[in-house]
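**Q** One-letter residues, chain by chain:
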Amino acid sequence: MQLSGNTIQPETFPASLMDLRRGDAAILDRIDLPGDDARRLMEMGFLPGTRVTAGRSAPGGDPQVFQVDGSEVALRRETARRLKVRLEKKKTPRA
Amino acid sequence: MSECSDCHACGGTTVVEFPRSATAPKAVALIGPPNSGKTTLFNRLTGLRQKVANFPGVTVEQHTGMAELPDGRLLRIIDLPGVYSLSPRSEDEQIARDVLTGQRADTPKPEAILLVLDSTNLGRHLMLAAPILALGVPTLIVLNMADDLRNRGGRIDMPALSRELGAPVALINARQGEGIEQVTDFLAGVMPKPAPKELPILQDVPKCRAWAGRVSGQAAYRPPIAPKWTRRLDAVFLHPVLGPLVFLCVVVAVFQTIFSIADPSKDAVDWLIRISGKWVASVLPAGLWKSLLVDGVWKGVGSVIVFLPQVLLLFLFIGILEDSGYLARAALIADRTMAKVGLQGKSFIPLLSAYACAVPAIMSTRTIENKRDRFATILIAPFMTCSARLPVYSLIIAAFIPDRHIVGRLLSQRTAAMLGLYILGFLAAVVTARVLKSSILKSGRSPFLLEMPSYRWPTWQSIGLRLFDRSKVFLRRAGTVILLVTVLLWITMNIPYAHGKPPVLENSLAGTIGRTIEPAIKPLGFNWKVGIGLLTAVAARETIIATLGTIYGMDPKTQEDGLQKAIHDDLTPGGAFALLVFFAFAMQCISTIAVVRRETGGWKWPAAQFGYMSALAYAGAFLAAHVIR
Chain E
1 MQLSGNTIQP ETFPASLMDL RRGDAAILDR IDLPGDDARR LMEMGFLPGT RVTAGRSAPG
61 GDPQVFQVDG SEVALRRETA RRLKVRLEKK KTPRA
Chain H
1001 MSECSDCHAC GGTTVVEFPR SATAPKAVAL IGPPNSGKTT LFNRLTGLRQ KVANFPGVTV
1061 EQHTGMAELP DGRLLRIIDL PGVYSLSPRS EDEQIARDVL TGQRADTPKP EAILLVLDST
1121 NLGRHLMLAA PILALGVPTL IVLNMADDLR NRGGRIDMPA LSRELGAPVA LINARQGEGI
1181 EQVTDFLAGV MPKPAPKELP ILQDVPKCRA WAGRVSGQAA YRPPIAPKWT RRLDAVFLHP
1241 VLGPLVFLCV VVAVFQTIFS IADPSKDAVD WLIRISGKWV ASVLPAGLWK SLLVDGVWKG
1301 VGSVIVFLPQ VLLLFLFIGI LEDSGYLARA ALIADRTMAK VGLQGKSFIP LLSAYACAVP
1361 AIMSTRTIEN KRDRFATILI APFMTCSARL PVYSLIIAAF IPDRHIVGRL LSQRTAAMLG
1421 LYILGFLAAV VTARVLKSSI LKSGRSPFLL EMPSYRWPTW QSIGLRLFDR SKVFLRRAGT
1481 VILLVTVLLW ITMNIPYAHG KPPVLENSLA GTIGRTIEPA IKPLGFNWKV GIGLLTAVAA
1541 RETIIATLGT IYGMDPKTQE DGLQKAIHDD LTPGGAFALL VFFAFAMQCI STIAVVRRET
1601 GGWKWPAAQF GYMSALAYAG AFLAAHVIR
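Those protein sequences? They're chains E and H, same order as listed. Under the numbering used here, the first residue of the first sequence is numbered 1, with each subsequent residue one higher. Under the numbering used here, the first residue of the second sequence is numbered 1001, with each subsequent residue one higher.
Don't take each hint at face value.
[Stated by the list, open to error] If the Cβ cut is set under 7 Å, some of the chain H residues that face chain E in the computed set are:
id, residue
1, R1089
2, L1427
3, V1431
4, P1447
[Claimed, not checked] Within a straight-line C-alpha distance of at most 35 Å, the following computed DSBU-like cross-link-like pairs (lysine-lysine) qualify:
id, chain 1, residue 1, chain 2, residue 2
5, H, K1371, E, K84
6, H, K1565, H, K1501
7, H, K1557, H, K1290
8, H, K1228, H, K1109
9, H, K1501, H, K1522
10, H, K1340, H, K1604
11, E, K84, H, K1207
12, H, K1278, H, K1565
13, H, K1340, H, K1207
14, H, K1557, E, K84
15, H, K1340, H, K1197
16, H, K1371, H, K1472
17, H, K1266, E, K84
18, H, K1207, H, K1197
19, H, K1437, E, K84
20, H, K1472, H, K1207
21, H, K1371, H, K1109
22, E, K84, H, K1228
Quick caveat, the hints were computed from the structure, so don't treat them as lab data. Don't be surprised by glycine CBs; every beta carbon is placed ideally from N, CA and C.
Please work from the sequences and hints to get the whole structure.
**A** Printed below as a string of structure tokens:
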């Protein structure tokens, strides 16, 4: 397989919330879930463009708590997997 | 335990008319997202009992209460379920929306709305303001938890917020009652009304959030720093090793305390009932009335009332766990286990409250959006060991199991036996769920979303109101259903009454009925007296104690014995074990059957459930009776 040189994200960077370790933060990119489920997640704060930080979890790592928009919400791995993230820009252009 | 007489959904709400006035609204709706402290404000305004919990979605029922305004007028307050939005996807949201828009026949359209939001999480909570303000009903936006906001370095410009929203606002602390006069002023029609503003497109969540962000930005909102104590406590409660350990310790401690603390208080109540019974016996002339009052009512109803302290203690613990916010963590820890039987974390909430009582538990399944998950939860909830089983278990365990300690002073044999029965019920629920979810109620999974509220000290007001409510329900039941059954039993025990004397117990009507059904229950190790107890227990589980209390109280041979001793002498150990197993599985509760019928919309499910649970109880008891001899 040939890798193109101009990938948008660094290959090492996780692709979904599931890949975040405790303390990691990322920007939510999109929600790969049916409309109603996505809407409910958005109402709980999971809006694309929002910063999400991984928190503690139940024993075994599932479900995991995420800090998002001022609250803490627990998600199962199967759901966290559908929430795609992108790397947080270190230097934001806006103030 | 029955809550049927309390809930407003059973027979429709009675609409009470209040003096109308030009300025004061007649009915006011309270609405807000889960964990906004909406119910605390409701308690504060009405002083009426209402369940408060730090748990998403516990307020499923619509509760109403009366608030008194400063000028003495009364106002009807409707407490709506906690919702994140008004888009009608769950039943909660549907009900909230219907009430607010006046589409429910049983509830008058509210003339004003109190929207309660958590001031420490305003950005997100303000999203709900958009659809509420769009209804065009006079609305006060109440920012709750002012103390948290202040103490954690948050800030907000209230006049600016009011201007931006085009609605009156109030910053309060419902737990301490701070700022509550702003709410009553609004209700009395004193508060000025600012000019309305333009609202965002309601269907679009990102736009709503952006609007909420802009509004709070204009109001110079500075969110408070993260709650330090919640983080610290979670480091323990959600620790990979310590967390489950704490969970186990909490469960064991609750049961051990119920046994060790409840016993002296139980003895005290028992002593009171016996003393008062003797007094009644001494003042009444000998005869039928004396027999009915002393042997029937006092011994029967009294033997159930003895368990009030124990039941209250259980509710005290559940209340503290709920209100403190720990229960959400327990649900998180338990979710994996729930997933294994095909259920979801949200089922855990009703199942946990089913340990207190299946009736409110079944009502609270309305928060589960997936219908099949909801039905499965309803069908297994009565297996959870409810507080009505507690008296039965306590009595039989105390009669048959010696009070010896297994692990130092931490765990006694009796506590272990009790825990075993709780586990037995839980296992029955789990296996049933597994079967249902892999067959007739199979469904795709909906995402599990559980908000973790910040830890809070439970307030005495909230816990006190809850215990008061529970005592009322318990005593009302003892005074109605159980009293009625006891009196009927006493009558059947005195028929045929001949030559001024009651018949020998075996030959009375009750005895005849008992001996008729005896062949059916003999394989379980029960005699006809227990059989009568089982028949009356169909009304409510704890009735069996009243029944046995009356039967042994009427029988000259056992009249002088305590109930515990009489049972010990009358049952074999195998029969006692079988009786415990029978009660663990059987669906002996009219209130539960009624609520299942209502929630599933027909007799099909409750009938199947009753049949299944009875069959399981019979088979289980049969096995139990043959394991021990």
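**Q** None of the hints should be skipped; say for each whether it holds.
**A** Going through the hints against the structure:
Given hint, R1089/H at the interface with chain E, holds; its Cβ is 6 Å from that chain's nearest Cβ, closer than 7 Å. Interface restraint check for L1427/H: the shortest CB-CB distance to chain E comes to about 21 Å, outside 7 Å, so the restraint is violated. Nearest Cβ of chain E to the Cβ of V1431/H: about 22 Å, over the 7 Å cut. The hint is violated. The restraint placing P1447/H at the interface with chain E holds, with a minimum CB-CB distance near 4 Å, inside the 7 Å limit.
Taking the CA atoms of K1371/H and K84/E, the gap is about 28 Å. The hint holds against a cut of 35 Å. With a CA separation close to 27 Å, the supplied pair K1565/H and K1501/H stays within the 35 Å bound. Taken as a hint, the K1557/H and K1290/H pair is honoured in the structure, with Cα atoms around 19 Å apart against an allowance of 35 Å. Of the supplied pair hints, the one linking K1228/H and K1109/H is violated, its CA atoms being roughly 42 Å apart against a limit of 35 Å.
Straight-line distance between C-alpha atoms of K1501/H and K1522/H comes to about 30 Å, which keeps the hinted pair within the 35 Å bound. Taken as a hint, the K1340/H and K1604/H pair is honoured in the structure, with Cα atoms around 27 Å apart against an allowance of 35 Å. A hinted pair counts as satisfied when its Cα atoms are at most 35 Å apart, and K84/E with K1207/H qualifies at roughly 20 Å. This hinted pair checks out: K1278/H and K1565/H have alpha carbons roughly 19 Å apart, not beyond 35 Å.
Distance check on the hinted pair: K1340/H and K1207/H sit about 38 Å apart at the alpha-carbon level, beyond 35 Å; violated. Proximity of K1557/H to K84/E is assessed by CA-CA distance (about 75 Å); at most 35 Å being required, the pair is judged violated. For a cut-off of 35 Å, the pair hint linking K1340/H to K1197/H is broken: about 50 Å separates their Cα positions. Note on K1371/H and K1472/H: the hinted pairing holds, with a Cα-Cα distance of about 33 Å set against a maximum of 35 Å.
Between K1266/H and K84/E the CA atoms are separated by roughly 57 Å; this puts the pair beyond 35 Å, and the hint is violated. For the hint linking K1207/H to K1197/H, the alpha-carbon distance of about 16 Å falls within 35 Å, and the restraint holds. Only pairs whose Cα atoms come within 35 Å are accepted, and K1437/H paired with K84/E is accepted, the gap being roughly 30 Å. This hinted pair does not check out: K1472/H and K1207/H have alpha carbons roughly 48 Å apart, beyond 35 Å.
A hinted pair counts as satisfied when its Cα atoms are at most 35 Å apart, and K1371/H with K1109/H qualifies at roughly 28 Å. For the given pair, K84/E sits about 29 Å from K1228/H by alpha-carbon distance, which is consistent with the 35 Å threshold.
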